[in-house]
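Student: Chain by chain, the residues:
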Amino acid sequence: AQSVTQPDIHITVSEGASLELRCNYSYGATPYLFWYVQSPGQGLQLLLKYFSGDTLVQGIKGFEAEFKRSQSSFNLRKPSVHWSDAAEYFCAVAPWGSASKIIFGSGTRLSIRP
Amino acid sequence: DAGVTQSPTHLIKTRGQQVTLRCSPKSGHDTVSWYQQALGQGPQFIFQYYEEEERQRGNFPDRFSGHQFPNYSSELNVNALWLGDSALYLCASSPTSGSSYNEQFFGPGTRLTVL
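Just so you know, the sequences run in chain order A and B. Sequential numbering of the first sequence, starting at 1, is according to this note's numbering. Sequential numbering of the second sequence, starting at 115, is according to this note's numbering.
Check each hint, because a few of them may be wrong.
To be verified - Computed spacing ranges between beta-carbons, pair by pair:
no., chain 1, residue 1, chain 2, residue 2, range
1, B, Ala116, A, Arg113, 42 to 48 Å
2, A, Thr55, B, Ala152, 28 to 34 Å
3, A, Ser111, B, Leu197, 25 to 31 Å
4, B, Ala152, A, Thr12, 21 to 27 Å
5, B, Pro122, A, Ser18, 38 to 44 Å
6, A, Arg69, B, Thr227, 41 to 47 Å
No lab work stands behind these hints, which were simulated from the structure alone. Owing to the predicted nature of the structure, the values given are computational and were not obtained by experimental measurement. Note that CB positions come from ideal geometry on N, CA and C, so glycine has one too.
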């Protein structure tokens, strides 16, 4: 069965520090991969997506993610976090060729230490 | 461009009642998907509508039904509400062609509380 695992429920980093959020997926083939961010009381905003090609994907707000097929991982990174990055982050997968049914991980809550 | 809009923002119902949630997709989008997000969880796919028909469905009971109108807007109906239906219901829209193909744009959600 398709699934997404985000092993870190809550992460706290200092403002200006680097960030890496982990994501592992289980899927029979190479899926579409996404990272979304959700601020309190808000909907989901797409940070970046991977469909094919270069395995290092650049997104909005200075985020990037790297697809590693051998590890079934799609970790999200940012070199220097800002207080405004505090939010819930969701990794997600969809069948390759169609993002009609997106499967989400349970999320990682990011807190920023001043 | 208003993006995806949902109404109402918040809703309180009692067990056994029925509820209807509404969604207007982003301009130019013809596909609407619905997700349920329980507190502390990631969103779960309920179903997707395209050309006024349910195209795909997740693991949700028949109490959850939907509709898509000719203008692409959509409704989610939930019958016989129970406490476990309390959640944030998210609507997402996507186009079937163009550069945003295979990307879903999410609305702010409707917070449903069942007492």
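Student: Taking the hints in turn, state whether each one holds.
Tutor: Hints, one by one, checked against the model:
no. : hint                            : in the structure
1   : Ala116/B / Arg113/A: 42 to 48 Å : 36 Å, violated
2   : Thr55/A / Ala152/B: 28 to 34 Å  : 33 Å, holds
3   : Ser111/A / Leu197/B: 25 to 31 Å : 30 Å, holds
4   : Ala152/B / Thr12/A: 21 to 27 Å  : 24 Å, holds
5   : Pro122/B / Ser18/A: 38 to 44 Å  : 41 Å, holds
6   : Arg69/A / Thr227/B: 41 to 47 Å  : 42 Å, holds
In the structure shown, a violation is registered for the earlier hint numbered 1 alone.
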